[in-house]
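> Please take these sequences and the hints and turn them into a complete structure.
Number of protein chains: 2
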Amino acid sequence: MAYDVIFDEIPSKEEIGERLEKARLELSKRQMLLKENKLPVIVLFDGWDAAGKGSVLGRVIKNLDPRFFKTYTYKPTEEELRRPFLYKHFIRIPEAGKISFFDGSWMEEVTDGYLTGALSKKDYKNRIASIQKFERQLNDDGYLLIKFFFHISESEQKKRMKELLDSKSTKWRVSKEDLEQNKNYGKVKEVFSEYLEATNQFVAPWYYIDSSNRKWCELQVVERMIVCIDTALKNKGRVAPVLQNTFPLVKMPKLADVKLDKTITDEEYSVELDRLQDRLSELHNELYRRHIPVIIAYEGWDAAGKGGNIKRVAAALDPRGYEVHPIASPEPHEKARHHLWRFWTRLPKEGHIAIFDRTWYGRVMVERLEGFCSENDWQRAYNEINEFESELADWGAIVIKFWVQIDKDTQLARFTDRQNTPEKQWKITDEDWRNREKWDSYEVAVNEMIEKTSTTFAPWHILESDDKHYARIKALRVIIKAIEERLAEDDKKKKSKKSGKKGKK
Amino acid sequence: MAYDVIFDEIPSKEEIGERLEKARLELSKRQMLLKENKLPVIVLFDGWDAAGKGSVLGRVIKNLDPRFFKTYTYKPTEEELRRPFLYKHFIRIPEAGKISFFDGSWMEEVTDGYLTGALSKKDYKNRIASIQKFERQLNDDGYLLIKFFFHISESEQKKRMKELLDSKSTKWRVSKEDLEQNKNYGKVKEVFSEYLEATNQFVAPWYYIDSSNRKWCELQVVERMIVCIDTALKNKGRVAPVLQNTFPLVKMPKLADVKLDKTITDEEYSVELDRLQDRLSELHNELYRRHIPVIIAYEGWDAAGKGGNIKRVAAALDPRGYEVHPIASPEPHEKARHHLWRFWTRLPKEGHIAIFDRTWYGRVMVERLEGFCSENDWQRAYNEINEFESELADWGAIVIKFWVQIDKDTQLARFTDRQNTPEKQWKITDEDWRNREKWDSYEVAVNEMIEKTSTTFAPWHILESDDKHYARIKALRVIIKAIEERLAEDDKKKKSKKSGKKGKK
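Protein chains in written order, with the working numbering: chain V, 1 to 505; chain A, 1001 to 1505.
Any given hint might turn out to be false.
Calculated cross-link-like contacts (lysine-lysine; reagent style DSS-like; alpha-carbon spacing at most 27 Å) [stated by the list, open to error]:
1. 1335/A - 234/V
2. 62/V - 13/V
3. 1234/A - 38/V
4. 133/V - 121/V
5. 251/V - 335/V
6. 234/V - 1133/A
7. 1122/A - 1035/A
8. 38/V - 1133/A
9. 1452/A - 189/V
No lab work stands behind these hints: they were computed from the structure. Everything numeric in this text was worked out from a predicted model, so none of it was measured.
Below, the structure is given as structure tokens:
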């Protein structure tokens, strides 16, 4: 059923003028309040072509301080299209206290994709589910989302397009797609309606804007923004519910039950390392050819041997096709955004490999234990992380997560060695010693993390690293196996597609 | 796609025992906190037959103070089924500070209806939309909803039913429907999944309960309730967003533009009154026969003549088929619930007429102006009321709303007359005079109310009542016209159904 809104009567020109003057002033005051209260705001301008989204946006921002907002037009680059669906949107979320305006948003991508047939019904439904989660995650983290849908009637749209076409100077502004939209107004409206209804969530409701008159349109937008900002400011400090995990989990052992006596001889190590690196190298080419991305996440105790392990994996890869991201504590501009933002921005392209030396799991380990976030924040994070990784998996990425495990004595030996070896001293800090004192609380947190985030699509693998050589060989084997399985799956799919086609002939 | 939850490993018997003891105590402490903080809580126990919902509920409440909770089994009476879908649920919401437990909830009605074919796909979708609004309204008003879905596997269900059937003393507990559910487990699961997904709202998320073990089941429920209550207590005072009206509106004049010079001669009044009352009387029978309910709402200025007007309408009706509800300020037990609760509880049955002398519009008039509710409360109310009336209309009710209009001078004349006529003095109070002083603010509120709630399915009608006779005749005419139109519509539908059937032959 197509949406139906009967708008308020348009006030007189005088009234609009007066209210607009007042509202603009009020909105610019709100901008300062946002800044003070560190409230991040996202404003979506969606709706019909020729409804005037762009020109209204231009007028709205005229009265705002340009240091505290950014505007984005929905036009993804080739680079962006090679990343997961939400990537191009997630990377554009504002810092706390600032506004991101989107002239055309994720709605456009999804409804267009559906209308042109680029998205199947199933993919379309998955996109909607992704968007619902995305918007909920932002809201949970304190973001204010204001979503405007600019409405004009079929005849008004036709009239506007005709006017633009009739003048040489504006003719270029009407694209073939625009004309198509007007021609199929009824059908497009149905698709819009379905999307609007499905994404009209409590955490981010839609506001329909009567776009028949430009100034009135601006007034509705500015007045609504003021109300939304005031409501959000009143709700600061709201606690989001911790959602239950509904992702399929793999059963994992507790760290205490992991046997650490596994070793490998020097000879076997050297032979296997060569063999496995060669194999991984071959596979990397194949991944590149098939556009399959790989994300490898490393977590583990200090001095467990993450660095050396990563080095052996990376050594097998073509440097043009991979990147290692060492993750330290977040920079101020990262801290001012959703905790997953700095990982979204570091995602690999299709066919590329990203290796993370420490990861998004900091939230449920160091941030939890050091009180860098609230209890509600880290408790919510298990589900947020599973949602994040499921986006990666749905995109087609192979997600591999390593926990590099050693026992407490081994850590002490390695710390002492570092302390006593001048060229290794840079590797050991007071913080390492302090963290060591908290071993037991960390172990509780790590066990909970592994239990709650070992999903079937992104399981944890424990690398027994008292013998670092053993851990390196195991890491390579896990990676190779995961890639080989995916390639085999991929082959199977292609085959069944082919034979399916044959069958039809 | 069917839901998929892999639950945590069941803890040892000892651990469950210890945690349960602690959790029961904690929950009973929470009950006192609810009371202190005036937080109303609704807990739904939904899920598979034989999953143990009832027995777990029995155990959960054992440790609670019975003064502060009520339990309901989903089993509507005949009386309740003759009212709108949400009626039987809305009337059972708790007072602030208390808990309502539902052993089987609105989910059961909807999924069962869909599975048995009693609900068409379209009706099913409408029910879901109603439930989404209902749950959002409760949340907006500060209610905490905790929704549990009790999961057991197909084989476990089968086993349990067999065990019950095998013993003479428990045989009766397995119904034919229960067995059917197990037989069609896969299909039922798909329907459940669709419902669970559609109603898994941010304001009221679902929690799946692993019901393979009774004590573990209880522990999950009690621990989750504690977390949910704590979160809700932290969020007290949250401001809900004011949603935009998306119901189709009818354009109405401002009160100042209503001409009040309309009159009727005494003779015409007397003839018309007789004629119209006779006609209404006939129509009342027809409504009764066709099970069509009518709701007539009266609002208007003090001394505008509401009482006399209602009397002339009621005089035409069969006393067995109508009720007049005079609405004063809410009683404490009404005030302690959602503001629409006291109107839901007063709805007529199918085929009956309810006349409200003052209504649910108090929220946006007296409560707004006297500060009896917050600004956010009354601003939200326009949409809440439109949603309420749309439920009535979807149910099939004719909803007629009268604003009885007089001018300020006429009110003064009538007040003075009342003051000076001993037998009318009870009709005039100091409050009436105080309200009169606020005429202008009331006029602003009434205009906004009429503008925002004159929907196509429940429009306002203004009764010009400086001449009370004129207003009474107009009221009767409006009512008769609305009923006649509905009956004609009804006839048309029946006819097209019939001819549709003929066509098929």
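> Can you confirm whether the C-alpha distance between residue 1234/A and residue 38/V stays at or below 27 Å?
Distance ~20 Å between residue 1234/A and residue 38/V Cα, so the pair holds.
> Are the Cα atoms of residue 38/V and residue 1133/A separated by 27 Å or less?
violated (31 Å)
> With the threshold set at 27 Å, check whether the alpha-carbon distance from residue 1452/A to residue 189/V stays at or below it.
Judged against 27 Å, a Cα distance of about 25 Å means the pair holds.
> Decide if the proposed pair is consistent with the structure: residue 62/V and residue 13/V, CA atoms, cutoff 27 Å inclusive.
holds (20 Å)
> Check the hint pairing residue 234/V with residue 1133/A against an upper bound of 27 Å on the C-alpha distance.
Holds, at about 23 Å.
> Verify the proposed pairing of residue 251/V with residue 335/V, using a straight-line Cα cut of 27 Å.
violated (33 Å)
> Regarding the pair residue 133/V and residue 121/V, is the alpha-carbon distance no greater than 27 Å?
Holds - the C-alpha atoms of residue 121/V and residue 133/V are around 19 Å apart, at most 27 Å.
> Hinted pair, alpha-carbon criterion (27 Å max): residue 1122/A, residue 1035/A. Please report holds or violated.
violated (41 Å)
> With a cut-off of 27 Å on the C-alpha distance, tell me whether residue 1335/A and residue 234/V pass.
holds (24 Å)
Consistency with the previously given hints fails for numbers 5, 7 and 8, ordered from lowest to highest.
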